[in-house]
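**Q** This is what each chain is made of:
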Amino acid sequence: MVIHSSSVRLDSFTLESGATLTAVDVAYQTYGVLNGARSNAILILHAFSGDAHAAGISEETGKPGWWDNMIGPGKAFNTDLYYVICTNVLGGCRGTTGPSSLDPATGKPYAMSFPVITIRDMVRLQKRVTDSFGIERLLAAAGGSMGGMQALEWAVSFPQGVAAAIPIATTARHTAQQIAFNEVGRQAVLADPDWNNGDYYGGTPPARGLAVARMVGHITYMSDESMREKFGRKLRSREKKGYDFSGDFEVENYLRYRGSEFVNRFDANSYLYITKAMDLFDLSNGSLTLASVFEKVTARFLVISFTSDWLYPSYQSQEIVRALRGRNCDVAYCELPSNHGHDAFLVDVAEQSDLVRGFLASTFSRETR
Amino acid sequence: MSATHEPRRGPFVRELLGRSDYAIIGDIVEPGTRVLDLGCGEGELLQWLAENKNVDARGIEIAAAKVRGAISRGVSAYQGDIEDGLEDYPDQAFDYIILSQTLQETRRPLKLLREMLRVGRRAIVAFPNFGHWSVRASMLLSGGAPRNKLFPHDWYDSPNIHFLTVHDFESLALKEDLTIEKRYFLAGHRRVALFPNLTAEVAVFLVRR
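Protein sequences, first through last, are from chains A and B. With the working numbering, the residue at position 255 of the first sequence is 255, and numbering never jumps. Just add 1000 to wherever you are in the second sequence, counting from 1, and you've got the working numbering.
There could be a bad hint or two in this list.
Unchecked claim - Not the full set, but computed from the structure, chain B residues with beta-carbon under 8 Å of chain A:
1) Ala1064
2) Arg1068
3) Ser1072
4) Arg1073
5) Gly1074
6) Ser1076
7) Ala1077
8) Tyr1078
9) Gln1079
10) Pro1090
11) Ala1093
12) Phe1195
To be verified - What the simulated footprint calls covered on chain A by chain B, stretch by stretch (three residues with Cβ under 8 Å from a Cβ of chain B suffice, anywhere in the stretch; the number is not a length):
13) 120-130
14) 353-361
No lab work stands behind these hints: they were computed from the structure. We put the beta carbon where it would ideally sit given N, CA and C, even for glycine.
Between the sequences and the hints, there should be enough to build the whole structure, so can you do that?
**A** In structure tokens:
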């Protein structure tokens, strides 16, 4: 299934902060066919470094989408039954307007003049896009990690706009530890002289800083166990230790590779803006309790966490589940066994698929009853 | 305590999903209601109730693999311990709370029963009757902890930790000022009416505050 990206342009979009962006582009891909009643649309929400290419083989790059194992004919998000949409988030660098986009007012990239954005802004922009497709109510909004935050925000911001939310490996708000890891990543970018106060477009990007930021990120996405299994203390193409700093261990090599690869596809300023959006996210939004924000929620929920995910530990999902129960919302929850850490939602998909498939089928049959 | 519903005389109970107590529960639950099944397993009963009685079906189950099974069949189940899983729910959130063959396995059955009747308007409680003659005979004759069809486990690996009889449940209901709206006594697939404390293998009660 060869997929190509499309794009829609909105004349203007006002952010939660009050700032207004003009000529906002949103990159998206779709899979499957929207039914006549427009009742089978599912919005897939990508994680921090993801993009609109969630499934199929990209016409441009020849690579499979980031959730290709979950989306497609006969898969969990079954494109024989459902119409699946994925958009690149606001502030991103993969086709949707972000700090690397040209500011129509100046003709130059926004860089640090791009306004601070929030998870709610991302979701409100997605709603504008699905509205423009003539879809009043989504069957589901689903995603892991930052995608899970968006799924939660969808259910809260648009109580009638979505029948089901599937937040996976996520949280209703970042803890100090999660903010801390993001801050280390941001500081790595800011400390790179090439960052140049964000003004590096047309010059040398802060590749070293961004690569270090990504290395930290990758550590948090894996688990102690998965790193031991994958790398252990294996040496990298050497018989002996080198007694220098060129990198003795396989794990060093891996992190360096993932760091430098990331630089080719991601913008450092987007890194700053999007991690900030995650840190600012608080579903309770000033309310005394999380339960009170679910007051108007009508969506069903499928909440999934993974045993070895220490970046978004299960207790954070359970907190969401308990708040939903407090409002007597319809919530299914399961902690799946995995040793893949936070990455589990991307790679350990067999059981996750069973849950999603059954949950969607029952939601669809209720919606069309 | 008042019995508003006398056991029907028809002696045989059909099976639902291979179980007579499920058939009774399936009869009790009114259509279009909200139901929470404690220890819902793979959600077979809830799925049946959702499909046949159009109920809003939820479940709690502690075993992860069973929760996966339940969610896969479209039941809103969540993984948790039934003994502390109810505290988040608001009062009277459900029309029925079902506790099938689990009361005798709970650590604090009275606390649970009270919680069930806080969260639910009615509770459906099914349990194996420790007063059944075969249990008494087993203990009397062997001198050991009873082992039979109803209680098949050795004492050291039995999940059952609070044994109760039909009498015990009815006395507790009286003491707690609960109304028993319906009572069913089963021996195999047969309904029994005479001396249920001696003849019932399984009892099913519908109670409310």
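**Q** All hints are to be evaluated individually against the structure, with a verdict given for each.
**A** Checked hints:
no.: 1; hint: Ala1064; verdict: 7 Å, holds
no.: 2; hint: Arg1068; verdict: 6 Å, holds
no.: 3; hint: Ser1072; verdict: 4 Å, holds
no.: 4; hint: Arg1073; verdict: 6 Å, holds
no.: 5; hint: Gly1074; verdict: 3 Å, holds
no.: 6; hint: Ser1076; verdict: 4 Å, holds
no.: 7; hint: Ala1077; verdict: 6 Å, holds
no.: 8; hint: Tyr1078; verdict: 4 Å, holds
no.: 9; hint: Gln1079; verdict: 5 Å, holds
no.: 10; hint: Pro1090; verdict: 6 Å, holds
no.: 11; hint: Ala1093; verdict: 4 Å, holds
no.: 12; hint: Phe1195; verdict: 42 Å, violated
no.: 13; hint: 120-130; verdict: violated (count 0)
no.: 14; hint: 353-361; verdict: holds (count 6)
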